[in-house]
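Student: Each chain, letter by letter, is given below.
There are 2 protein chains.
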Amino acid sequence: MTLEGKMLIGQDAVTGSQAPIHAIDPATGKRLEPAYPGGSQAEVERACALAEAAFDDYRETTLETRARFLETIASEIEALGDALIERAMQETGLPQARLAGERGRTCGQLRLFADTVRAGEWLDVRIDPAQPQRQPMPRADLRQRQIALGPVAVFGASNFPLAFSVAGGDTASALAAGCPVVVKAHSAHPGTSELVGRAVQRAVARCELPEGVFSLIFGSGRVVGQALVEDRRIKAAGFTGSRSGGMALWQSAQRRPDPIPFYAEMSSINPVFLLPEALKARGKDLGEAFVGSLTMGAGQFCTNPGLVIAVKGEALDAFIESAAEAVKAAGAQTMLTPGIHDAYTQGVETLGDSDKVREIARGPQGEGVNQCQAGLFVATASDFLGDEALQAEVFGSTSLVLECADISEVKALAEGLEGQLTATLQMDDGDTETARGLLSILERRAGRILVNGWPTGVEVCHAMVHGGPFPATSDARTTSVGSAAIQRFLRPVCYQDLPEALLPQALRDDNPWALGRLIDGKREA
Amino acid sequence: MTLEGKMLIGQDAVTGSQAPIHAIDPATGKRLEPAYPGGSQAEVERACALAEAAFDDYRETTLETRARFLETIASEIEALGDALIERAMQETGLPQARLAGERGRTCGQLRLFADTVRAGEWLDVRIDPAQPQRQPMPRADLRQRQIALGPVAVFGASNFPLAFSVAGGDTASALAAGCPVVVKAHSAHPGTSELVGRAVQRAVARCELPEGVFSLIFGSGRVVGQALVEDRRIKAAGFTGSRSGGMALWQSAQRRPDPIPFYAEMSSINPVFLLPEALKARGKDLGEAFVGSLTMGAGQFCTNPGLVIAVKGEALDAFIESAAEAVKAAGAQTMLTPGIHDAYTQGVETLGDSDKVREIARGPQGEGVNQCQAGLFVATASDFLGDEALQAEVFGSTSLVLECADISEVKALAEGLEGQLTATLQMDDGDTETARGLLSILERRAGRILVNGWPTGVEVCHAMVHGGPFPATSDARTTSVGSAAIQRFLRPVCYQDLPEALLPQALRDDNPWALGRLIDGKREA
Numbered sequence: 001m002t003l004e005g006k007m008l009i010g011q012d013a014v015t016g017s018q019a020p021i022h023a024i025d026p027a028t029g030k031r032l033e034p035a036y037p038g039g040s041q042a043e044v045e046r047a048c049a050l051a052e053a054a055f056d057d058y059r060e061t062t063l064e065t066r067a068r069f070l071e072t073i074a075s076e077i078e079a080l081g082d083a084l085i086e087r088a089m090q091e092t093g094l095p096q097a098r099l100a101g102e103r104g105r106t107c108g109q110l111r112l113f114a115d116t117v118r119a120g121e122w123l124d125v126r127i128d129p130a131q132p133q134r135q136p137m138p139r140a141d142l143r144q145r146q147i148a149l150g151p152v153a154v155f156g157a158s159n160f161p162l163a164f165s166v167a168g169g170d171t172a173s174a175l176a177a178g179c180p181v182v183v184k185a186h187s188a189h190p191g192t193s194e195l196v197g198r199a200v201q202r203a204v205a206r207c208e209l210p211e212g213v214f215s216l217i218f219g220s221g222r223v224v225g226q227a228l229v230e231d232r233r234i235k236a237a238g239f240t241g242s243r244s245g246g247m248a249l250w251q252s253a254q255r256r257p258d259p260i261p262f263y264a265e266m267s268s269i270n271p272v273f274l275l276p277e278a279l280k281a282r283g284k285d286l287g288e289a290f291v292g293s294l295t296m297g298a299g300q301f302c303t304n305p306g307l308v309i310a311v312k313g314e315a316l317d318a319f320i321e322s323a324a325e326a327v328k329a330a331g332a333q334t335m336l337t338p339g340i341h342d343a344y345t346q347g348v349e350t351l352g353d354s355d356k357v358r359e360i361a362r363g364p365q366g367e368g369v370n371q372c373q374a375g376l377f378v379a380t381a382s383d384f385l386g387d388e389a390l391q392a393e394v395f396g397s398t399s400l401v402l403e404c405a406d407i408s409e410v411k412a413l414a415e416g417l418e419g420q421l422t423a424t425l426q427m428d429d430g431d432t433e434t435a436r437g438l439l440s441i442l443e444r445r446a447g448r449i450l451v452n453g454w455p456t457g458v459e460v461c462h463a464m465v466h467g468g469p470f471p472a473t474s475d476a477r478t479t480s481v482g483s484a485a486i487q488r489f490l491r492p493v494c495y496q497d498l499p500e501a502l503l504p505q506a507l508r509d510d511n512p513w514a515l516g517r518l519i520d521g522k523r524e525a
Numbered sequence: 001m002t003l004e005g006k007m008l009i010g011q012d013a014v015t016g017s018q019a020p021i022h023a024i025d026p027a028t029g030k031r032l033e034p035a036y037p038g039g040s041q042a043e044v045e046r047a048c049a050l051a052e053a054a055f056d057d058y059r060e061t062t063l064e065t066r067a068r069f070l071e072t073i074a075s076e077i078e079a080l081g082d083a084l085i086e087r088a089m090q091e092t093g094l095p096q097a098r099l100a101g102e103r104g105r106t107c108g109q110l111r112l113f114a115d116t117v118r119a120g121e122w123l124d125v126r127i128d129p130a131q132p133q134r135q136p137m138p139r140a141d142l143r144q145r146q147i148a149l150g151p152v153a154v155f156g157a158s159n160f161p162l163a164f165s166v167a168g169g170d171t172a173s174a175l176a177a178g179c180p181v182v183v184k185a186h187s188a189h190p191g192t193s194e195l196v197g198r199a200v201q202r203a204v205a206r207c208e209l210p211e212g213v214f215s216l217i218f219g220s221g222r223v224v225g226q227a228l229v230e231d232r233r234i235k236a237a238g239f240t241g242s243r244s245g246g247m248a249l250w251q252s253a254q255r256r257p258d259p260i261p262f263y264a265e266m267s268s269i270n271p272v273f274l275l276p277e278a279l280k281a282r283g284k285d286l287g288e289a290f291v292g293s294l295t296m297g298a299g300q301f302c303t304n305p306g307l308v309i310a311v312k313g314e315a316l317d318a319f320i321e322s323a324a325e326a327v328k329a330a331g332a333q334t335m336l337t338p339g340i341h342d343a344y345t346q347g348v349e350t351l352g353d354s355d356k357v358r359e360i361a362r363g364p365q366g367e368g369v370n371q372c373q374a375g376l377f378v379a380t381a382s383d384f385l386g387d388e389a390l391q392a393e394v395f396g397s398t399s400l401v402l403e404c405a406d407i408s409e410v411k412a413l414a415e416g417l418e419g420q421l422t423a424t425l426q427m428d429d430g431d432t433e434t435a436r437g438l439l440s441i442l443e444r445r446a447g448r449i450l451v452n453g454w455p456t457g458v459e460v461c462h463a464m465v466h467g468g469p470f471p472a473t474s475d476a477r478t479t480s481v482g483s484a485a486i487q488r489f490l491r492p493v494c495y496q497d498l499p500e501a502l503l504p505q506a507l508r509d510d511n512p513w514a515l516g517r518l519i520d521g522k523r524e525a
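Protein chains in written order, with our numbering: chain A, 1 to 525; chain B, 1 to 525.
Don't read these hints as lab results, they were simulated from the structure.
Just so it is clear, CB atoms sit at the ideal spot from N, CA and C, and this is done for glycine as well.
Watch out, some of these pointers could steer you wrong.
[To be verified] Some residues of chain A that are not near chain B, with every Cβ distance over 10 Å (derived):
| # | residue |
| --- | --- |
| 1 | E4 |
| 2 | K6 |
| 3 | L32 |
| 4 | P34 |
| 5 | Q90 |
| 6 | R202 |
| 7 | D258 |
| 8 | P276 |
| 9 | K284 |
| 10 | E288 |
| 11 | A405 |
| 12 | I407 |
| 13 | D497 |
[To be verified] Rough simulated footprint, nothing fancy, chain A against chain B, three-plus residues with beta-carbon under 8 Å:
| # | segment |
| --- | --- |
| 14 | 38-50 |
| 15 | 142-149 |
| 16 | 213-225 |
| 17 | 483-490 |
[Said to hold, decoys possible] Short derived list, chain B residues pointing at chain A, Cβ under 10 Å:
| # | residue |
| --- | --- |
| 18 | D124 |
| 19 | S244 |
| 20 | I260 |
| 21 | E359 |
| 22 | S440 |
| 23 | I441 |
| 24 | S474 |
| 25 | D497 |
| 26 | G521 |
Assemble the whole structure, with the sequences as input and the hints as a guide.
Tutor: Right under this line is the structure:
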């Protein structure tokens with residue numbers, strides 16, 4: 001499996017004409033071969049034209065055909081074997097076990113969407129039969145199903161080179177919905193992207209689907225990314241990354257003559273609330289467990305717990321002491337890219353330089369380049385609320401503990417937070433009433449609420465919400481993880497008095513796909 | 001029931017401080033009393049503060065409480081009796097029967113949402129039970145439900161003073177979702193708005209709900225409307241009206257520090273395709289029926305058929321001849337407002353002045369002011385596609401017939417259309433294959449597809465889609481009519497490992513609300 005440094009436009013492999021991208025091994029700072037010449041407007045247009053040409057056929061494939069396609073992608077990724085893991089390790093500095101696990105998650109995710117496609121709940125079939133005798137006016141026969149939005153642009157993320165990248169959740173859910181996908185590869189892992197892209201390309205061929213169902217383009221976000229979002233044939237986009245990058249593309253999507261949904265998952269500091277009884281009973285254990293979540297994967301998760309909130313006092317001091325010990329003992333880890341490492345170092349410096357913030361502990365510096373040195377800081381709740389700089393996400397293993405005067409300040413702090421992916425309560429039975437008061441605030445602030453767990457580790461399942469109010473995402477009505485993510489790429493169409501010969505399979509009286517249906521608003525038994 | 005010219009802020013009646021609005025009787029051009037002094041930023045803020053204060057309690061009311069509230073609003077509107085219809089007639093020029101019908105539709109809509117709330121499908125309950133034994137990692141208990149987005153701004157529309165206004169579909173669906181509502185009344189029917197607003201206000205009191213659940217503000221769109229959309233406490237908005245008005249408010253919603261969903265239903269010309277066999281068999285009848293739909297309510301419907309598309313020839317000539325006769329016989333009707341009448345006159349003039357357009361027939365001029373004189377024009381498909389001015393919606397009883405060279409030009413025309421609320425096929429059995437080819441194009445262009453019907457008359461039911469790709473609406477993923485409209489005001493929240501005592505009722509194991517649920521992705525029997 002030799003890497004060729006090529007983009008994949010439909011079934012072709014194409015060499016770009018623009019400045020080349022090189023992956024960098026973050027553990028050494030050295031360039032990796034091959035070079036990936038970037039794409040231009042011409043390749044974006046070709047990919048979008050193929051996607052549009054594929055759309056009508058692909059969106060009307062049977063549930064079984066589409067499910068098998070997703071399963072075939074998973075098999076093709078698995079067939080890449082160790083070569084995929086080895087290249088991803090070189091390009092990301094992530095350890096073997098983590099990447100093997102992420103591959104499992106990625107393939108499991110594709111298979112979950114295959115099951116989801118087959119189950120057909122996403123079609124949301126509604127039938128209101130004709131009432132020819134109704135007075136004063138007869139009612140027509142009205143049927144509704146969901147159809148795919150159209151070709152979708154997907155932007156690979158750096159921190160999950162498999163699960164949120166070329167064949168990650170955005171791609172899987174868009175393909176499941178019936179949308180062709182054009183992926184803009186993340187420039188940090190082009191080799192991993194080419195390997196996975198070729199696996200998807202092979203799956204398209206094996207399943208005899210129109211080639212435009214999938215393309216993969218390399219290049220800069222400003223050129224290729226913008227061109228993709230602005231292309232009139234693209235009808236939605238999925239993005240995971242920074243707030244600035246996400247908002248720039250989001251704005252382009254809104255400025256189009258025909259604005260499109262742009263799903264950006266951007267920024268979250270994932271507050272953890274330590275309630276008094278829990279803190280008193282197990283502050284020391286909580287400190288250790290917290291640092292385990294904080295330092296996992298060098299803290300490079302959207303759901304990394306960047307904020308701890310509690311009433312000040314001895315119990316909190318014990319937590320802080322225990323967490324400080326754990327931070328000092330946390331080994332340094334290679335970060336994903338030099339850019340992420342620079343931003344992390346700068347973010348930690350901003351905290352350290354603030355006269356409102358007290359440094360509690362730093363981890364070992366580590367040897368070599370791009371090492372993440374963990375950090376733990378403390379500030380007061382009122383200083384935090386008064387200073388926007390303290391509220392910015394520091395992407396990496398650094399967290400800020402906020403000392404509150406009392407529970408009402410804890411609540412005020414919760415009210416003052418921006419939108420979050422997650423909010424966590426550490427609580428014991430005696431904290432139930434306090435928790436209840438916080439819960440109604442946190443439901444308005446976060447997409448997922450956890451009790452006595454840690455926010456890292458996002459289960460790929462049906463009930464997951466990996467989303468939340470702005471700026472956690474650009475669209476709080478959606479999730480980017482779990483089977484409900486398919487809904488982002490669908491829209492309803494109503495069919496009035498269509499003859500049987502023209503009705504889509506999903507809406508026929510004899511229900512050939514055995515779908516769950518709402519008949520006159522009532523679920524059919 | 002004396003009209004007081006007052007805004008309703010929670011349970012208070014408040015006199016505005018800004019320039020007064022007067023309704024105008026469009027049949028006479030005369031001002032109607034009382035004056036409605038407009039609101040200011042201060043009243044917007046007060047209404048939004050009350051809405052926010054009411055939100056947590058209101059969104060957690062039981063399904064039964066909320067359903068009864070919607071039913072109580074319907075009863076209170078009915079209790080207004082003839083006074084409501086009489087005032088609405090004066091303010092809109094619409095006939096008594098139409099307004100009585102619209103009242104029935106409005107109250108039926110409120111009761112449909114009451115039923116929808118009770119059925120609870122909108123909660124989309126998903127439970128993935130814990131798997132403590134799973135290897136390599138146990139799975140947490142994960143549960144998802146939909147919760148209300150927050151306070152919603154609703155903009156009343158002029159053309160349905162009841163069904164798309166103060167207690168219309170946007171308000172009913174937002175209240176059903178658990179969102180408090182602040183209505184910006186349409187300035188064309190302030191008296192009707194006050195009457196309905198007071199009915200809602202009484203329902204709030206009778207149901208002992210927090211007063212902030214509903215407020216009604218008068219004033220200019222530029223001041224009060226913008227202030228509402230920009231208020232940080234407002235989390236979504238619903239609008240029905242012009243493309244320019246909708247887009248101005250939509251842009252404000254997107255420019256907020258935290259962008260919010262803004263559902264604007266704006267502009268649609270609702271193409272009707274006359275397929276060859278149908279045209280040959282019943283061109284004359286189609287012409288008559290078409291003009292019935294075109295002139296209903298002086299054409300002041302979002303779904304008014306503004307475009308007819310067919311292959312030119314004798315059969316189309318027969319249709320045009322019959323439609324021309326019907327247009328000439330169509331009595332003039334009073335339009336809703338002098339502004340709408342002016343815009344209509346101008347739109348028809350633009351068509352008449354174009355050297356690409358042939359006038360076929362005009363209806364009688366009518367006597368008195370603000371009369372809608374129906375119109376029928378013809379152009380070629382290629383001229384239409386080449387001239388944006390011909391593609392603009394003319395709001396009123398005027399339609400343009402497009403002559404195509406052949407069926408492939410009909411298809412090219414369908415491909416060239418902007419997004420639409422509806423697309424209609426008139427077809428016979430022999431047209432089935434032609435219809436199939438068009439259907440896959442029209443599914444991408446419209447929210448509702450009709451066969452052998454007319455687009456006016458939007459059924460309020462479960463399968464309806466009153467929506468469609470831009471510019472028909474700002475969000476093709478939604479409908480503003482029918483029970484699925486509730487989904488616009490919801491977002492998912494996931495609860496991980498919550499103790500029973502903290503779980504929302506909808507998510508408890510014992511399912512006290514007897515909801516349909518997805519357990520591990522499978523629908524519970």
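Student: Under the constraints set out in the numbered hints, which ones does this structure not fulfil?
Tutor: 7, 13, 14, 16, 19 and 21
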